[in-house]
Structures are given as structure tokens and as C-alpha cells.
Amino acid sequence: MRMKKFINDPANLTKEVLEGLALANSDLIELHPNNIVVNKKLKDADRVTIVTLGGAGHEPALSGFVGEGMLDVSVVGDIFAAPGPQACVEAIKLADKGKGVLFIVLNHAGDMLTGNLTMKEVKKLGLNVRKVVTQEDVSNAPRSNADDRRGLVGCVAVYKIAAAAAKEGKSLEEVAAIAQRFADNMATLAVAVRGATHPSTGSPIAEMGEDDMEIGMGQHGEGGGGRQLLKTAKETAAIMANGLVKDLDLKKGEKILLFINGTGATTLMEQLIIYRDTVAYLKNIGIEVVANNVGELLTVQEQAGFQMFMARMDDEMLAYWNAPCYTPYYKK
Amino acid sequence: MNLEKSHWVKMLRRVATHLHENKLYLSEIDSKFGDGDHGVTMNKIADVIESTCDLWLTNDWTIAEYFSELGDRITNISGGSAGPLYGTFFSGLALEESQSVCDASYLKRMLNHGLEELQTITNAKVGDKTMMDALIPAIDAATSSPDDIRILLHNARDAAIEGAKASEHFISRFGRAKSYKEATIGTPDAGAVSCSYIFIGLYEGLLS
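Chains as they are written, first to last, in our numbering: chain A, 1 to 332; chain B, 333 to 540.
Where hints are given, some of them may not hold.
[What the hints assert, rightly or not] Once the Cα atoms are required to be at most 30 angstroms apart in a straight line, the calculated BS3-like pairs of lysine-lysine come out as:
id, chain 1, residue 1, chain 2, residue 2
1, A, LYS124, B, LYS342
2, A, LYS131, B, LYS457
3, A, LYS43, A, LYS331
4, B, LYS355, A, LYS5
5, A, LYS120, B, LYS364
6, A, LYS331, A, LYS170
7, B, LYS364, A, LYS4
8, A, LYS4, A, LYS40
9, A, LYS123, A, LYS234
10, B, LYS440, B, LYS342
11, B, LYS342, A, LYS120
12, A, LYS15, B, LYS513
13, A, LYS170, A, LYS234
14, A, LYS4, B, LYS342
15, A, LYS251, A, LYS283
16, A, LYS5, B, LYS497
17, B, LYS342, A, LYS246
18, A, LYS234, A, LYS252
19, A, LYS15, B, LYS355
20, A, LYS283, A, LYS255
21, B, LYS364, A, LYS231
22, A, LYS231, B, LYS457
23, A, LYS246, A, LYS234
24, A, LYS5, A, LYS43
25, A, LYS252, A, LYS332
26, A, LYS97, A, LYS120
27, B, LYS440, B, LYS355
28, A, LYS97, A, LYS170
29, A, LYS255, A, LYS131
30, A, LYS5, A, LYS41
31, A, LYS41, A, LYS123
32, B, LYS497, B, LYS355
33, B, LYS342, B, LYS497
34, B, LYS457, A, LYS123
35, A, LYS41, A, LYS251
Don't read these hints as lab results, they were simulated from the structure.
Predicted model only: the values in this text are computed from it and were never measured.
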């Protein structure tokens, strides 16, 4: 598959996408040196603040969620590549308003290395930082081996929950505990029907057969097992919902947050049909969807497919989820 | 012979040349089970090696000061896992007993210290299909060589090349490729191959 994208020099992709994001949302965010995206209202924050790190190329994630009620600072590396620890330490120092910083890291090899090196350094500096890792991809490891589970779209929900708890004036320990409890009760499965190209190199990531889909695709088309013939929306929704319900051990009467997250080249039409079929499947087994998002939150270039995300909700979590937020790509 | 700044600069520049020249190949093997940008990252690392060599020629850093600077810069290039991994290894080459000239025993201690530092951030072992497949055999070969820099680097190079080749037969246990399990057999690990270029470059630079 030949790459066909509207870009300039591939070496400048990250810089240019962040400049575009900052220009388009100059009322909400500002771009600092070293690819650090900052909530414009951070300077007035008298609360725990939220910092994350990750590669570019997944727009609107992660930096599209910087703003009031979600992220205070996002540290961006390069396309699909983590930033270095120095920029993260700088970001944490910038974010710390005296109440401590929650540092949210997705479980990917590079992100984790940088996250761990950053934590080592901020401890040395005596900063008050707690790290929460999102690792909710059920496809490549059982729940008992969560360290092998990748972080997918669930991070976006964790930003929202943690920030809402922080906004209530909770302490860093409390915010971290709430974010962790939410993260422990979430699960995601990704499916792909067509791979993407790496925008820096033009090389394909995860080529698929014409008639195939793969359930368990991970974030960047890493793959994870279930390659099979393409099925209908209803059948696909049932397979994936069943996998998540089993993993979360959801029982009749429980309430969930449900995302259908398009990964770049699957239409909103398809996502809405999948959502409809998932809700119907869940209703049939007595599980209620109390909150949702259908649309693109975290993409993988032009990969066709979607991530289905579920999180167990109680009244407290639902209140955090429904709290107001105002960021470039998520507003409530 | 002992290694002075002028030797190191030649050796490191040769490493950078190999990494530049193999940018496309490294990305290509990485694209099988990774995201296909290892060549891009190693190319950035090569740029850092070259720019820090230029700086070293204009100042009076000791060997340890140089590697400490190099390692910090590599760790912070925004290069996914390879940045922190190679950065930590190079930072680890900086020994506390800082010298301007290094003999074979000092070089052995440097290499082993680099590996020890790297092992504080990763548990990967030989056979896990990572850079360790080349790095650990290279450092073992260097350590068990006589105290002669030329022989030591020659043996390290051979072991690194062998190790990178052997990575073809392993199942990936780290990073993005891990999910593909047995399918990764038959493709060498991009990190092991890039690591072999480092030892090839060091040896060739010494001879040049």
C-alpha cells in the first residue's frame, strides 16, 4: 500500500501537527518548547494537576484533550514514539501547583521506559508525583498478567475521571486511587480491517488480507491473535462485547461506560451501527450503558477499524464522567 | 594501544555512518512486527553521536563526561524505546573514575557498567529478541578477551553480528512485536541489528 497523505517534510510532522492544534485552539491550549502542550488555565489551578506522555500520530489523542477538566499538560514525543524523560520532568515541574501531579502513562514499551525514568528523576527532585498506568487491552494477556496489557483508548476516560476528581479538591492520593480504581475496571478490544502507513516512513503497519479482520489489533496494528473473515457489524459487536464482558466479569444489572472509538478510516456510520448493536447485545444480558462516546478519540492514522471500550460505572464514577470539561476534542 | 579522544571520535563517527547508511534497512525489518521506524530513530541517534563528537573536539571533556552527555542527549531524542535504552547504555559507559585515555581494562569496565545500567531499566535477556541479543554477547566477548583493545573490539564485533543473526530464531518477548509470538521467527530483531552496527563501527573506526 503506497502512502497517500497531505504532509510536508516527514521529519517535521510532530512539530507541524502540534502547531496546527495550538493555532486552532489558541483559547484553550498553548504549545511550549520540547513538544509540551499546556492547558491555558493551568496557571490558575489550585488542585492536583494531570500530566500524560505519548507519541503523535494518534490525533485527537493525546494532546487534543488538554484543557479544563481533562489534561493539564501533555508531553509529545515523535510519531508513535515516546518523548524523553527530560521533557516529562520539565512538564511535571510546570504542572505542579503545590497539590501534586498525577502522571498517566499508557502501557507501551517506550512510554513505560520514559515514565519510569521520569519517576526516578522527580523523586530525586522531591516532587509530589503519582503514576497511574493504563493497560486495558484484553487481547494479548489475561487480567492476571496486566503488565502485558497495552494501553488503548481507555486513557482518555482516565484523564476525564482523574481531572474531575482533582477539580473537587481531592488530594493526590485520592485522585490517584480513584483513577486507579477506574483503570482497574476498564477493558478494550481493538479490531482492524485495513492497516495504516507510518507517516514518517510511508511503510505499511500491519497489512491485512482483503477479506480479513483482526480482533485484538492493539494500538498501532501490533496484532494480537484473532485474524478471521470479516463479519457483520452485529456479529463483530457481539464477539467483542462478549470478550469485554467476560474480562470485566460484568453481571446482570451492572452499569457501564461504552466507547466505540474509530481508529481513523472507519466511518461514523459504521461506528454508530456498531454502537447500536453493542447496546442491544448488552441489554439482552442485562447490562446498562449509562454513558457513551461514539467517534474518534484515539486513532492510528488511516487504519480502518475501531476500539470497543467498556468501564464499570458506579454513581461516583458517573458523576466524574459527567462533570464539565472543555478541551479541543472533548467538551461536556 | 590506548584509546584517546581522537580514536573515540573516529570510532563513533564510523558508528554513525553505519546507522545512517542502514536507516532504510532498519525501518524495513522493524516494519514486519514493529511500527517500522527503528531506522528513523537510529538515524536521530547517529545525528546526536556526530554532533556530540563535534562538540567534544572543541572542549576538554574526559571520556566519562563525553558519554554522560551523549547518553543524556540520546535518552531525550523522543525515540520511543530505543532512545531511553541506548541512552541509558551510553550514559552507563561513563565511569566514576574519569580519564582522558582508556586502556583495555578500562574499556571492559565501561562496557560492563553500560550493560549494568541498562539492566536497571529492562529485564530483557539473550533470546528475548531485543538489542540484548547482540549487546550481551558482544560485552561478554569483550570481557573474556585479552587486554588488547584491537582484539577486544574485534571479538565484540563478531559476537554482536552473530547475536543479531541469532535473533532471527527467537520469539519476540518485548515491545510491539511481542503480540506476534511465533510469527516473529525468521526476522532478525531491529534493535539487535542496530546494536551490531555499533560494534561494527567501533571496530572499523579503530582500524581507520
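Taking the hints in turn, this is what the structure says about them:
For the given pair, LYS124 of chain A sits about 36 angstroms from LYS342 of chain B by alpha-carbon distance, which is inconsistent with the 30 angstroms threshold. For a cut-off of 30 angstroms, the pair hint linking LYS131 of chain A to LYS457 of chain B stands: about 27 angstroms separates their Cα positions. Note on LYS43 of chain A and LYS331 of chain A: the hinted pairing holds, with a Cα-Cα distance of about 20 angstroms set against a maximum of 30 angstroms. About 22 angstroms separates the Cα atoms of LYS355 of chain B and LYS5 of chain A, which keeps this hinted pair within 30 angstroms; it holds.
The straight-line distance between the Cα atoms of LYS120 of chain A and LYS364 of chain B is roughly 33 angstroms, outside the 30 angstroms bound, and the hint therefore fails. Distance check on the hinted pair: LYS331 of chain A and LYS170 of chain A sit about 22 angstroms apart at the alpha-carbon level, within 30 angstroms; holds. The straight-line distance between the Cα atoms of LYS364 of chain B and LYS4 of chain A is roughly 20 angstroms, inside the 30 angstroms bound, and the hint therefore holds. Taken as a hint, the LYS4 of chain A and LYS40 of chain A pair is broken in the structure, with Cα atoms around 35 angstroms apart against an allowance of 30 angstroms.
Straight-line distance between C-alpha atoms of LYS123 of chain A and LYS234 of chain A comes to about 49 angstroms, which puts the hinted pair past the 30 angstroms bound. Proposed proximity of LYS440 of chain B and LYS342 of chain B is supported: the alpha carbons are some 19 angstroms apart, at most 30 angstroms. Between LYS342 of chain B and LYS120 of chain A the alpha-carbon distance is near 34 angstroms, which puts this suggested pair outside the 30 angstroms criterion. Among the hinted pairs, LYS15 of chain A with LYS513 of chain B is inconsistent with the structure: their alpha-carbon atoms are about 35 angstroms apart, more than 30 angstroms.
The straight-line distance between the Cα atoms of LYS170 of chain A and LYS234 of chain A is roughly 42 angstroms, outside the 30 angstroms bound, and the hint therefore fails. With a CA separation close to 41 angstroms, the supplied pair LYS4 of chain A and LYS342 of chain B exceeds the 30 angstroms bound. For the proposed pair LYS251 of chain A and LYS283 of chain A, the alpha carbon gap of about 12 angstroms is at most 30 angstroms, so the pair holds. The suggested pairing of LYS5 of chain A with LYS497 of chain B is violated, with an alpha-carbon distance near 35 angstroms, which exceeds 30 angstroms.
Of the pairs offered as hints, the one joining LYS342 of chain B and LYS246 of chain A is violated, with about 59 angstroms between alpha carbons and a cut-off of 30 angstroms exceeded. With a C-alpha separation of about 21 angstroms, the suggested pairing of LYS234 of chain A with LYS252 of chain A holds against the 30 angstroms cut-off. A threshold of 30 angstroms between alpha carbons decides the hint, and for LYS15 of chain A with LYS355 of chain B the separation of about 22 angstroms falls inside it, so the pair holds. Distance check on the hinted pair: LYS283 of chain A and LYS255 of chain A sit about 11 angstroms apart at the alpha-carbon level, within 30 angstroms; holds.
Distance hint between LYS364 of chain B and LYS231 of chain A is fulfilled; the C-alpha atoms sit about 26 angstroms from each other, no more than 30 angstroms. Simply put, LYS231 of chain A and LYS457 of chain B have alpha-carbon atoms about 41 angstroms apart, too far for the 30 angstroms limit, and the pair is violated. Restraint check for LYS246 of chain A and LYS234 of chain A: the C-alpha separation of about 18 angstroms stays at or below 30 angstroms, so the hint holds. For the hint linking LYS5 of chain A to LYS43 of chain A, the alpha-carbon distance of about 37 angstroms lies beyond 30 angstroms, and the restraint is violated.
Of the pairs offered as hints, the one joining LYS252 of chain A and LYS332 of chain A holds, with about 29 angstroms between alpha carbons and a cut-off of 30 angstroms not exceeded. Straight-line distance between C-alpha atoms of LYS97 of chain A and LYS120 of chain A comes to about 20 angstroms, which keeps the hinted pair within the 30 angstroms bound. Restraint check for LYS440 of chain B and LYS355 of chain B: the C-alpha separation of about 29 angstroms stays at or below 30 angstroms, so the hint holds. Distance hint between LYS97 of chain A and LYS170 of chain A is fulfilled; the C-alpha atoms sit about 14 angstroms from each other, no more than 30 angstroms.
At roughly 27 angstroms between alpha-carbon atoms, LYS255 of chain A and LYS131 of chain A fall within 30 angstroms of each other, so this suggested pair holds. Between LYS5 of chain A and LYS41 of chain A the alpha-carbon distance is near 34 angstroms, which puts this suggested pair outside the 30 angstroms criterion. About 26 angstroms separates the Cα atoms of LYS41 of chain A and LYS123 of chain A, which keeps this hinted pair within 30 angstroms; it holds. Between the alpha carbons of LYS497 of chain B and LYS355 of chain B the distance comes to roughly 18 angstroms, so the proposed pair stays at or under 30 angstroms and holds.
For the proposed pair LYS342 of chain B and LYS497 of chain B, the alpha carbon gap of about 26 angstroms is at most 30 angstroms, so the pair holds. Proximity of LYS457 of chain B to LYS123 of chain A is assessed by CA-CA distance (about 28 angstroms); at most 30 angstroms being required, the pair is judged to hold. Note on LYS41 of chain A and LYS251 of chain A: the hinted pairing is violated, with a Cα-Cα distance of about 41 angstroms set against a maximum of 30 angstroms.
When held up to the earlier numbered hints, the structure conflicts with 1, 5, 8, 9, 11, 12, 13, 14, 16, 17, 22, 24, 30, 35 and fits the remainder.
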